[in-house]
Amino acid sequence: MTRDQLETVVKSLHMDAFVWARQCCGFDGEMARDVLQLVYLKILEGKATFHNQSTVKTWLFSVIRYTSMEWARKTRVENPLPEIMEIADHSSDDPEEVSHEALLLLLPERQKEVLLLTFYHGLTLEKAAGIMQVSLGTARTHYARGKNNLKSMILKRRKHEDCR
Amino acid sequence: MKTADKSRDPVLEEFFAAYRRQDRHLSIPVFPKSPKNIRKRTLAVLGIAASISIALFYFPKAEEDISLDRNLLIISLEKNEEQDPTIVVTTTTSMDIWESPTESLLTEF
Numbered sequence: 001m002t003r004d005q006l007e008t009v010v011k012s013l014h015m016d017a018f019v020w021a022r023q024c025c026g027f028d029g030e031m032a033r034d035v036l037q038l039v040y041l042k043i044l045e046g047k048a049t050f051h052n053q054s055t056v057k058t059w060l061f062s063v064i065r066y067t068s069m070e071w072a073r074k075t076r077v078e079n080p081l082p083e084i085m086e087i088a089d090h091s092s093d094d095p096e097e098v099s100h101e102a103l104l105l106l107l108p109e110r111q112k113e114v115l116l117l118t119f120y121h122g123l124t125l126e127k128a129a130g131i132m133q134v135s136l137g138t139a140r141t142h143y144a145r146g147k148n149n150l151k152s153m154i155l156k157r158r159k160h161e162d163c164r
Numbered sequence: 001m002k003t004a005d006k007s008r009d010p011v012l013e014e015f016f017a018a019y020r021r022q023d024r025h026l027s028i029p030v031f032p033k034s035p036k037n038i039r040k041r042t043l044a045v046l047g048i049a050a051s052i053s054i055a056l057f058y059f060p061k062a063e064e065d066i067s068l069d070r071n072l073l074i075i076s077l078e079k080n081e082e083q084d085p086t087i088v089v090t091t092t093t094s095m096d097i098w099e100s101p102t103e104s105l106l107t108e109f
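In the order they appear, the protein sequences are chains A and B.
Just so you know, the first sequence maps onto residues 1 to 164 in UniProt numbering.
Just so you know, the second sequence maps onto residues 1 to 109 in UniProt numbering.
It is possible that some hints are incorrect.
[Unchecked claim] Derived DSSO-like pairs (lysine-lysine); straight-line CA-CA distance at most 30 Å:
id, chain 1, residue 1, chain 2, residue 2
1, A, K57, B, K33
2, A, K57, A, K74
3, B, K33, A, K74
Hints were generated in silico from the structure; no laboratory data involved.
All chains should be built: construct the whole structure from the sequences, respecting the hints.
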């Protein structure tokens, strides 16, 4: 695939790429913009190269995931948490006000990722495993556990809504 | 099993469908311009910077070439001790500090 062809495909995937970047950045839009900018820079400078071993979408999503993790690590080092920090307790919050994103944030990271890649972005479990850089078996485990956890949270929320 | 069995989970399907609908309102940033445009803009900026550097390099030199000390020569007519007129040649760096040593320029000319 030539450079121009790759650029055209990446451009067509821009919206999905931004949504995935935002999901990788804990639903922080500003951070997602910075991460995506860095991803495109990596591609333009040839630091991230596509070897035709997967689809462009799988490859792009993998670069985004890796870059967001890199970015999070970097910002964590630059802005360490203060010694005394008040941690918000969401357990007593009204479940009705909990959004889709807030529910997903309650899941462990890998479970959240695999559910987003399969249910939201419509990728196969095999491709999701490739993006997450885990084996298919591991991805399957996270997928099953994630589905159960999210489903029980959704049903709990619905039950609470019905009682009101 | 390569694909996710999404069809068996209507609860999750419904949840993600609603989530996708909600995400339609997200503001998506503009896709960055192609590297050709970036390269052109970079070249233009570099060109302007180079022009300014060259101009700054040459202008101070041009000012240094103009030296009053070499170009300004004052020839005056003065009377010596025997009251004979003699020609005195002097140089000066500035016209502001030079004054005629004789009154001939003021009175005779």
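Under the criterion that the straight-line Cα-Cα distance not exceed 30 Å, is the pair K57(A), K33(B) satisfied?
Judged against 30 Å, a Cα distance of about 20 Å means the pair holds.
Has the given pair, K33(B) with K74(A), been kept, meaning a C-alpha gap of at most 30 Å?
holds, 27 Å
K57(A) and K74(A) were given as a pair; does the straight-line alpha-carbon distance stay at or below 30 Å?
holds, 25 Å
In summary, the structure agrees with every hint in the numbered list given earlier.
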